[in-house]
Each structure stands twice: as C-alpha cells, then as structure tokens.
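Q: Chain residues, written in single-letter form:
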Amino acid sequence: MGKKSLTVLIISWLAAFDLTGQIVKTELTIKDVSGKSIKPFSEAKPSVLIFTTYDCPVANKMVPEIRHIANSYQGRINFLLVYTDPDTSQNELTTHRKDFGLNEITSILDSKHNLVKATGAEITPEAVIVKKGKVLYRGRINNFYEDFGKPRRVVTQHDLRDAITAVLSGKKVPQPKGECIGCYIPKLK
Amino acid sequence: MYRMLYPKIEMKKILIVLVFTVLHIEAKEVTFTEHVAPIIFQNCTSCHRPGESGPFKLMNYNDVSKRGKLIARVTEDRVMPPWHAQKGSIKFHGDRSLSDTQITTINKWVETGMPEGDPSKLPNLPKFVTGWQLGEPDLVVKMAEPFPVPAAGRDIYRSFVVPLNLPKDKWLKAIEFRPDARTVVHHCLFSYDTTGEARRLDKREKSPGFRRMRRQGTGIGQLGGWAAGGQPNKLPEDLAWRLPSNADLVLAMHYHPSGKPEKDQSSIGLYFTDQPPKTAFTGLQLPPVFGALSGIYIPAGEKAYTVRDSFTLPIDVEAFAVSAHAHYLGKKLSMNATLPNGKQLNLLNIPDWDFSWQEQYHFEEFINLPKGTKLESTVVWDNSSSNPNNPSVPPKPVRWGPESEDEMGSLTLLCRPGKGESFSTLTSLYRKHISETGVRTARQRAGRIRENNIDDRLNAFFKRTDRNGNGKIELDEAPNWMKASFARSDTNRDKTLDFGELKAATERLRNRNR
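These protein sequence lines map, in sequence, to chains A and B.
So for the first sequence, the numbering used here puts the first residue at 20; every next one is plus one.
So for the second sequence, the numbering used here puts the first residue at 815; every next one is plus one.
Please note that the accuracy of each hint is not assured.
[To be verified] Below, computed lysine-lysine pairings styled on BS3-like, alpha-carbon distance capped at 25 Å: (1) Lys905(B) with Lys208(A); (2) Lys169(A) with Lys1157(B); (3) Lys922(B) with Lys206(A).
[As the list claims (entries may be wrong)] Non-contacting residues of chain B with respect to chain A, defined by C-beta distances greater than 12 Å in every case (computed): (4) Gln916; (5) Leu980; (6) Ser1059; (7) Ser1218.
[As the list claims (entries may be wrong)] Short, incomplete list of chain A residues facing chain B, as computed with Cβ under 10 Å: (8) Pro76; (9) Asn79; (10) Asp104; (11) Val192; (12) Pro193.
FYI, nobody ran anything at the bench for these hints, they're computed from the structure.
Here a beta-carbon is modelled for each residue, glycine too, at the ideal position from N, C-alpha and C.
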C-alpha cells in the first residue's frame, strides 16, 4: 500500500471518529492576548475559530482571506484567531499581529490547547464553527491549497464562507468536514 | 509427545524474541542526534535559519520534533527541499534532493515517536557563509527604489533597470542575487541592455520598474537567473559573458504575495575576470525562441498538449548547464540526447513543473556530446481544470505570448564547442534550425487557414444556393455548372445535395486539379 492511500485510509478512519457534532462546554473561560477574559462559546451568535501559528506559511498566505471573512461577517459571528504553538513568545505574537494586520481580530494564545482539544482541530489554518455548544463545521477555509507546495491560481471553493452563510441562515452546512492542507498543530510536551 | 513439542515451542519463542529484538533495534536505531540531525542540518538549515528564505528555523531538536509530522509529509512528497529535476544518471551541481533512504529515515523517526538520542552524537551545525556566497563581489548594485508588494492578489511580474556605469567592457563570471524581501521574491531573470529600451520603459511608468522588455535581439543579452533558494554559480573554467561598457542590468522579477505587505529592494553582486575566455559558449534552445515559432495553441481543457523539437549537433560540444522555461500551464519538460552510438542521455527531466521555482541546472562536469548527437526536447502543457495552476476557471484557449497567462515552453542547453571545433558552424546551423522551425509552422498555419477559408466559402455558397432554406440543394436550385455532376455528387441518392455531399464533391474536384 502506497503512503498516499495509507493517508487516505487514515483520514477516512479519522472521519469515522469525527468531531463535528461534538459538544463543547459553553461556559469555558479563557484570556485573549490582551489579557481580557472571554467566553469563546457563550454567545448566541455562532463562533468561528481559525487555528494558526505565526510561522506556518500555508496559514499566513490565508491571512487576507481570514481578514476578509472577519470583516464581511462582522457583528454576526464571534470571530476568534487561535495561536496554537505553546512556544510562541509575546514578541513573536505582537509582531505577527502587527505585520499581518490582525490587531483588530480577537486572538488567543492557546498554550494549554483548551480550544484545540475542545474542537478537535489538528491543522493550521483549520476553521471551526461552533453554535450553541455544537461543532457544526471543521475543515479548510477554501481550496487555495490543492496540496503542499501546490497553491491554486484561482480559488474555486469557499468552504468556510459557505458554511458560515448556511449556519447564519439556519440551514444545514453542506460539507461539515473536509481535509485541510497545512501545518500540523504542534503537540504539547 | 511432550518431548517433541517442547523444542518446537522453544524455537517459536526464540523466533519471537528474535523478531522483537530486530524491531527493537530498528526502533531504537533512529534518533535525532545520530540520524536525523545530519540530514536536516545538511539539507534544510541553509534556508531554515534566521535571515534566510525558510519560514522557520530547523536548527535543533525542538525546532524539528515539533514539526516532525509535517516534515515527514513534505519530504516524502518531495516538496522540500525544493528541487524539481528528477534524479538521473547526470549529477547536478548543488542537487538538494533527498535520497530515498534519507526520506525513510525521517519517516521512521517520526513514526517511532521522535526520540532525541545521545546528545553527544549531535553534529555541529555546518559553517554557513553569511552574506555573499561567492565571496566579495567586484561590483554591488541595488534596485533604485523599493518596490511595494501587497499582502494578497496575483503574482506580480515586474522589470527593473539598474545602470552599471562600467568604465569599459567586462568579462562577467557570475551574478549573485541577494533578495531583500525574501518571502515574496520568487525568481529573477537577468539580462543586459545596451539599447536604452529598459530606461525608456522605466521612465514611462510612474511606479518603480516597468512591465517587461519588449525587444529582444541585438544589444540585449540574457545572463541567467536566480530562483528562491538557488545557489549562485560561476561559469565553469574560463567561460565568461561579455558585458559591454554601456550595458544596463535588467532584472525581470517574479513576486508572490505572502499574506503581509512587503517592500523589496534586492541587491546584485557582479563577479568579473580580466582573463578573456578561449571559447565562446551558446544556448541551444529547443524549441527556439521559447516556442514562439512552434504555433503553440492549447485548446481549453486539453490535458497533455505536447510540443517536441529536435536538433542534431553539427560539431562536438561540451555541455555545462540546462534550464527549462514554461508558464503556469507547463506540466512536464524534458531534454534527451541520443548519441551517435545509440546511447541515451537524459539531460533534464522535470516531471512536475512548478513555475515558482525556475532554476538553471549546472552539471557537475562538462558532458561531451559528439557530432551527430540528436537533442530532443519535449514540453507538455495541461490546460484542463484539474491543473491547480490554471489561471483561468473555466480554462480558456491559450496561445504563445509573453504574459504569464499566455504560454511559452522550451529547454536550453548551454554548451561550448569541443576542442578544435568551429563555433560558427554550430551557431549558423542552429540559426538555420530556428528559421526552419518558423517556416514549418507558417506552412502548417497557411494550410489550416486555407482549410478554414474553403469551409467558410463553401458555407456561404451553400446558404446562398439553398434558396428555400431546407438545408439541402435541390436540382432546380443548383446553378448550371453544377447540374452536370449533380447525380454523381448525390451519393445517398435522395435527389438533393446536403453540405457533406457538396464538400466531398469539391474535395474530389480539388484533388483532381492538383
């Protein structure tokens, strides 16, 4: 069996243990990067979480789309950017947020992986939508990356935008999960 | 019974123990310090260290182990280290690709939990040269002003002119390119211009630089290029480019937005020699002029549009480098040599072309190609929607052209004449090959146009003649000259002529007149 088919097998196996539909604790309280206490899942609005690290090139290339989504659904969703590498220094965090124009977006350094575990995220830049404590979407932002080192010239599928639109209009998310190309979220030591 | 069974069980036990020990040894074998660090330090750290193009550093156990799974994946997919030439019998200078064994080692290490191993076995980091890789250049120049690259959007192609103000003509051995905004500069092609065209174009546009050089030919010359991560190479032995004193340097840059706005003002180091070369060298480009004369027309949806070209060497040559060029739709590019004794040499094979990593591949040693060697190049484009690089969704027909959404495609072999051979024999026969390619394409095209014209004219005639508009020509609609052969042309004998019958009849006539 080739490595590719093994990967496919593992992915389909993982899908069987899929975390969409999983229940997250709505009372969870964490601090954002400015030190403010927030409850990421408490609001009536759906929460949209993007998992990232400051140095994952795949996630960084997605920043313009991340900002676009945060802006276009402003007020209607609870948008959170989650940094997942526990080694991230305060300086790296500040520089990244400033350089990539992310200061306006509520960000969390999830050094204990509270949010990673709660949602089951594995990849950066993976997106998760949670509404009323339920994971309704987990997967890629769009199909910009066909594979590692193979970005598309033209994005043709906007999975996250479609999922948010569906959730906001009370419809079923058309594709609640999907493979996400990117960096693996570093494991806690 | 018991006594017979006993030794068997023993054997089994021993076997199990053996198998476990073997597995155990294997599992225990692969550690970071002893096996993985040497691979990473030698092949990755040159780019993955502070100040270089890699997005993070790979310099110690923590750097590597926390990205272990990702590293296993990108090395196995051969995305990293970036290197697109397939391994063959010919060795390239600075070949970055990992061997299968190295890839397996990394994989095994990741699968077995990434043990760190004995710290005393950790190799030292290689001594990396900081600054200019080829040493202090004889002349350092810089883009006149910073060029802004936005956070997002399509790739940007921009040319810049850098005056050199040389006191006299120079022999140029190498150009080293130091990218400034490393995350966005993907490649740069160098040329020189003595015609003043680059300066004129630059002046005409307000923002720094200009779109591209229009003119080619006399007074303009190519000087190689640089691609992200590529190593600068001096021309081998005594070879050198002649750089006229009135030459401006022209940089054709390719920028790729990184997610963050950047400003780029890259620098260039030039290395000269006082010693004039004993021989000139040339590039044999197949198909010539980046495919401009090959009538490239790639229909929308075509998965493997192929252009081939070949040229038989009129003299012995010594080849020292090969490069490939295509735009987004390029898929496979290769160049082969068939020696007069029948031996085949694969000079370059890029099975999965990636526009972002254009590179010149220098052979480790000169390759002797005797007179009569047939060089053959093959360029394959994929204009289907399953090609992620397709800039058009849905695909559009694409023709040859200089814009990145047009296509080009060719391979170039750099070579000098063999000892005692005549350079001008080579260049004049190659020029003949260029004009023959043009003539052949023009003939084919004229043929196609003639076909199209005949069809168009026939169509118009048919419509005019079919007065009642029933899609058929009845006998009473036919002009007199046609009536004579009407019955013969009516092959299905329905007393009318449809378009197919008319066309067949005309073709018969044409063939008779030939």
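Q: Indicate, hint by hint, whether the structure satisfies it.
A: Hint check results:
At most 25 Å may separate the alpha-carbon atoms for a hinted pair to count; lysine 905(B) and lysine 208(A) exceed this at roughly 42 Å. Taking the CA atoms of lysine 169(A) and lysine 1157(B), the gap is near 36 Å; set against the 25 Å cutoff, the hint is violated. Distance check on the hinted pair: lysine 922(B) and lysine 206(A) sit about 18 Å apart at the alpha-carbon level, within 25 Å; holds. No beta-carbon of chain A is positioned within 12 Å of the beta-carbon of glutamine 916(B); the least distance is around 15 Å.
Every Cβ of chain A is farther than 12 Å from the Cβ of leucine 980(B); the closest lies at roughly 39 Å, confirming the non-interface assignment. Even its closest Cβ contact with chain A, about 42 Å, leaves serine 1059(B) beyond 12 Å, as expected for a residue assigned away from the interface. In this structure serine 1218(B) is not separated from chain A by more than 12 Å, as the shortest Cβ-Cβ distance comes to only about 10 Å. Of the supplied interface hints, the one on proline 76(A) holds, with its beta-carbon coming within about 4 Å of a beta-carbon of chain B, less than 10 Å.
Because the beta carbon of asparagine 79(A) sits about 4 Å from the nearest beta carbon in chain B, less than 10 Å, this interface hint is met. Interface hint status for aspartate 104(A): upheld, as the beta-carbon distance to the closest one in chain B is roughly 8 Å, under 10 Å. Among the interface hints, the one on valine 192(A) is violated; its C-beta lies about 24 Å from the nearest C-beta in chain B, farther than the 10 Å criterion. The criterion of a C-beta within 10 Å of any C-beta in chain B is not met by proline 193(A), whose closest approach is roughly 20 Å, and the hint is violated.
Hints 1, 2, 7, 11 and 12 from the earlier list are contradicted by this structure; the remaining hints agree with it.
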